[in-house]
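Listed below are the residues making up each chain.
2 protein chains.
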Amino acid sequence: MNTAANSAAPPAGPGQASPGQVWAHVGQSFTPQDYDVVVLGAGRMGSALAFYLRHLAPQLRLLLIEEGGLPNEDGATLLAPGVWTGWGVPEDRQSQATWTREQLETGFGNISFQARPLIELFAEGGPDRTPAADALAPFPDALAMVDLEALPFARVDAQAATYRPGALALAAAQQAVKAGADLMLNARAHAVLSPEGRGGRVAIERLSVTNTHQIVVHETHHLRAETLVLALGADGPHAAEHGLGRHTNHARAYRQTPRLNVPSNDKTPTLRVAGLTLRPQSDGFTLIPAVHHRDPHGYSPTGGHLTGVPTGLRRETLEDLVALMNALPPLGTEALGLGRSISDIPGAWLALPGGQPGGLPLHQPLADGVHLLLGGPQADTLGLAVAHDLAAVVAEVTERPWKGEAHPAE
Amino acid sequence: MNTAANSAAPPAGPGQASPGQVWAHVGQSFTPQDYDVVVLGAGRMGSALAFYLRHLAPQLRLLLIEEGGLPNEDGATLLAPGVWTGWGVPEDRQSQATWTREQLETGFGNISFQARPLIELFAEGGPDRTPAADALAPFPDALAMVDLEALPFARVDAQAATYRPGALALAAAQQAVKAGADLMLNARAHAVLSPEGRGGRVAIERLSVTNTHQIVVHETHHLRAETLVLALGADGPHAAEHGLGRHTNHARAYRQTPRLNVPSNDKTPTLRVAGLTLRPQSDGFTLIPAVHHRDPHGYSPTGGHLTGVPTGLRRETLEDLVALMNALPPLGTEALGLGRSISDIPGAWLALPGGQPGGLPLHQPLADGVHLLLGGPQADTLGLAVAHDLAAVVAEVTERPWKGEAHPAE
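First to last, the sequence lines map onto chains D and V. Under the working numbering, the first sequence has 344 at position 344, and the numbering climbs by one with no breaks. Under the working numbering, the second sequence has 165 at position 165, and the numbering climbs by one with no breaks.
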C-alpha cells in the first residue's frame with residue numbers, strides 16, 4: 001500500500017521544513033491527496049496537536065481542517081476564560097499543568113500571557129483561607145467590588161495567569177503551518193472509518209458565502225487519513241457517534257460569558273466566588289459562570305426573564321448571578337450586560353469530558369488510527385499537555401517533556 | 001371584612017358534613033364566591049392537602065381546582081413510581097415516612113397498596129450488602145433478569161411497598177369532596193396576590209374541548225382566597241414567580257418512564273440498579289430512571305438516536321439504559337419499549353425542590369396566606385406527611401400525628 005508518508009518529501013527537521021499550504025477560501029484550488037494525519041478542528045486543541053506533531057514527527061504529512069476561521073467564531077476556544085490555575089488539578093497531573101504554564105508563557109509568542117493572581121472568596125473560613133480584606137488590600141479596584149461582610153475569607157493562587165486562548169489557537173496553527181502542516185479553513189469535514197482498516201476517510205465540503213449571507217458548499221473532496229483526529233470540541237462526541245459509529249460517555253454544556261463593565265487593568269486579579277469566575281479583560285470583566293452539569297440533548301439555549309423582563313442570559317446563569325448580587329454588588333447594577341435575547345450574550349457549547357463538569361482534557365482511541373481529542377472546562381490549565389501527549393502517541397515517541405506520570409488518555 | 005368563613009354554614013365534623021359541590025364540565029353552572037382556602041392542583045399533593053384540611057378545619061370553605069381530570073393526565077402524579085422506601089430519608093424525617101406508609105396502607109381505601117421488597121443491586125460489596133444470589137433466590141423471575149456476575153451484591157428494604165399515586169390522588173380528592181370540599185375540574189387558574197394584603201385572587205378559566213379537539217376557554221370567573229395554595233407540581237415555581245412575583249430556588253426535570261415487557265406479578269420485588277428503579281406493574285415493569293439534575297429552562301424533550309435509529313427515549317435516559325444492558329440483559333432486548341418519538345414514551349415534568357434531584361417534599365410561604373406545596377422525587381415516601389403538615393399550618397393546629405421533629409417547611 002502506497003501510504004502518504006511513503007510518497008512524502010524526505011524527512012526534515014522543523015527548522016528546515018518548508019511551510020505548508022493554506023487554503024483559506026474556495027478561490028484557492030485544492031487537489032486532494034492522502035495524508036498521514038488529518039486533524040479536524042483548529043481550535044486550541046487541534047492547533048496545538050498539529051504544532052507539536054510537526055515538531056515530533058516532521059516526516060508525517062499533516063492536514064488541519066477548520067470549518068470556520070482561526071479560531072472558529074462559534075467554538076469554545078474564543079470564549080474560553082484563559083485562566084491558568086493549579087487549583088483542581090489532581091496530584092498526578094500537576095507537572096503537566098506546570099509544563100502547560102511554561103508553554104503558554106514562552107512557547108507561542110504573544111498570546112497576552114499575564115501572571116495574575118486568582119483570588120477566591122468565601123462566606124466561611126477554612127484551611128488555607130485568610131481574611132479577604134488582607135488578600136484584596138493590594139487591589140483596591142477588586143476590593144471595591146466585594147461586600148466583605150458577605151465574603152470575609154479568601155484564598156489566593158499566586159501562580160495563576162491569564163492568556164487569550166483564541167490567540168493561542170491562532171499562533172499554534174500558524175506555527176504548525178510554518179513548520180510544514182497544511183491548513184484548510186472554511187471547510188466542513190465528515191469522517192468515516194477507513195474501509196482499509198486503519199484511519200479514516202474524510203469528505204471535505206469547501207464552504208463559501210453567497211451575497212445573501214447563506215453558507216453554501218462550493219465543492220466536495222475526498223481523501224484518506226492514515227491517522228485521523230477529531231478535535232471538534234463539543235461536536236467531537238457527536239461526530240464520533242454519527243460518523244464513526246463509536247459511542248462515548250462525553251457530553252456538553254452551553255456556557256455564556258456575559259460582560260461586567262467595572263474597570264480593570266493588567267494588575268487586577270481574577271476573582272472567583274461560588275464557582276463564578278470574574279476575569280479581567282478589555283478594561284472590564286468577563287464573567288465565566290460555573291458549569292453545574294451537562295445540558296440535555298436537544299436543548300436550545302434561550303434567554304430567561306428577570307422579574308418579567310426578557311434577558312439574553314439563560315435562566316440558570318441568571319439565577320447564579322442573582323444569588324451573588326449581595327456579595328458582589330456590581331452584579332446588581334447596570335454594569336452587568338444582561339442583553340435582551342440569547343444572541344446578545346457571547347456563548348458557546350463546551351465539551352464535558354466523561355460527561356462531568358470538572359472533566360479533564362483527554363484523548364481517546366476510537367478505532368485503529370482514530371483519536372478523539374477533547375479540551376473542556378480544564379483546557380486552560382491542561383490542554384497543551386494533553387495535545388502534546390496525543391502528538392507523542394501519533395509520533396510513536398515515548399518520552400514526555402514533563403516528569404513521569406499517568407498518561408492523560410482515559 | 002366579611003370573610004368567606006363568616007358566611008359559611010356552622011362548623012360540622014367531617015362525619016356530618018354534607019358533600020361539597022363538583023363542577024366537572026362547563027355545562028354545570030358556577031357562581032363565584034370567596035373561599036377560605038383555594039388549592040390549585042389536584043395531584044396527590046393538592047388532593048391530600050384538601051383531604052386533611054377538611055378533617056382538621058371543617059369550618060373552612062375550601063375549593064380545589066384542577067386544570068385536567070383526576071389526576072391530570074399530563075402531571076407527575078400519574079407517572080410517579082409509587083414506591084415507598086425508607087432509604088434516603090433523613091433521620092429526622094423517618095417518623096413522617098413511617099406515618100405516610102400507614103396512611104397509604106389504610107387511609108385512602110384501595111390504592112393498590114402492596115408490601116413489596118425493594119432490592120438494590122451492586123457491582124461492589126459494602127456494609128448491609130449480601131450476595132445478590134441470596135437476596136434474589138425467593139424471586140426466580142427477578143433473578144432471571146440479572147447478570148449476577150455484573151451485580152453480585154444486594155441490599156433489601158423489606159419494609160418497602162408499592163401503590164398507585166394516581167389512585168391516591170383520586171381517592172383523596174373524592175374523600176375531600178365527601179367531607180365538604182368543593183372541586184372544579186377542567187379549569188385553568190391564574191393567581192395573583194390579593195390587594196387586600198392576605199391570600200390571593202384567582203382567575204378561573206373553565207375549559208371545554210371543541211369538536212376539532214381544541215381546548216378553549218368557555219368562561220372566566222374571579223374569586224378571592226383568604227388562603228391560597230399552589231400545588232401545581234413542576235408548574236408551581238413558575239406560577240409563584242410569574243403570577244405572584246415570588247422567586248424560588250426550585251427547578252424541574254423531565255422524567256420518562258419506559259416499559260420493560262418482562263413478566264411480573266404481585267410477589268415480584270421492585271429492583272434498583274445504579275439509580276434505575278424497575279417497578280413491577282401490569283404484568284411487566286415500569287422503568288424509573290434516576291434524575292441526575294435539573295433540566296434547563298427552555299428545554300423541550302426530544303427523542304434520541306440509538307446507533308442512528310430514532311427512539312422515543314431522551315438521549316440521557318438512553319445512555320443510562322445502554323450502560324446497564326450488560327448487568328440487566330432484558331434491557332438489551334425487544335422487551336424494552338424504545339418508541340419512535342417522544343410521544344411514544346410516558347413522561348412528565350417533575351418538580352425538584354431546592355433544585356436538587358434528591359429534594360424532599362416541602363411547603364413554603366410565598367406571601368401572607370399564600371403557600372407553595374411541592375412533591376418532587378421523594379413524594380412517594382414523604383408527600384402525605386408534608387401535605388398534612390401544611391393542612392395543620394393552615395388549620396392552626398400545632399400537633400402532628402407523627403412523633404415530634406422538624407417542621408418539613410424549608
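In short, the hints are calculated from the structure, not lab data. Each hint should be verified, as a subset may be incorrect.
Unchecked claim - Some residues of chain V that are not near chain D, with every Cβ distance over 12 angstroms (derived): (1) ASP128; (2) THR220; (3) ASN249; (4) PRO263; (5) PRO296; (6) HIS297; (7) LEU318; (8) ALA335; (9) PRO357.
To be verified - Not the full set, but computed from the structure, chain D residues with beta-carbon under 10 angstroms of chain V: (10) PHE30; (11) GLY245; (12) ALA251; (13) TYR254; (14) PRO296; (15) ARG315.
Idealized CB from N, CA, C, for every residue including glycine.
Results for each hint:
no.: 1; hint: ASP128; verdict: holds (28 angstroms)
no.: 2; hint: THR220; verdict: holds (22 angstroms)
no.: 3; hint: ASN249; verdict: violated (8 angstroms)
no.: 4; hint: PRO263; verdict: holds (30 angstroms)
no.: 5; hint: PRO296; verdict: violated (6 angstroms)
no.: 6; hint: HIS297; verdict: violated (3 angstroms)
no.: 7; hint: LEU318; verdict: violated (9 angstroms)
no.: 8; hint: ALA335; verdict: holds (21 angstroms)
no.: 9; hint: PRO357; verdict: violated (10 angstroms)
no.: 10; hint: PHE30; verdict: violated (30 angstroms)
no.: 11; hint: GLY245; verdict: holds (7 angstroms)
no.: 12; hint: ALA251; verdict: holds (8 angstroms)
no.: 13; hint: TYR254; verdict: holds (8 angstroms)
no.: 14; hint: PRO296; verdict: holds (6 angstroms)
no.: 15; hint: ARG315; verdict: holds (3 angstroms)
Checked against the numbered hints above, the structure violates hints 3, 5, 6, 7, 9 and 10; every other hint is satisfied.
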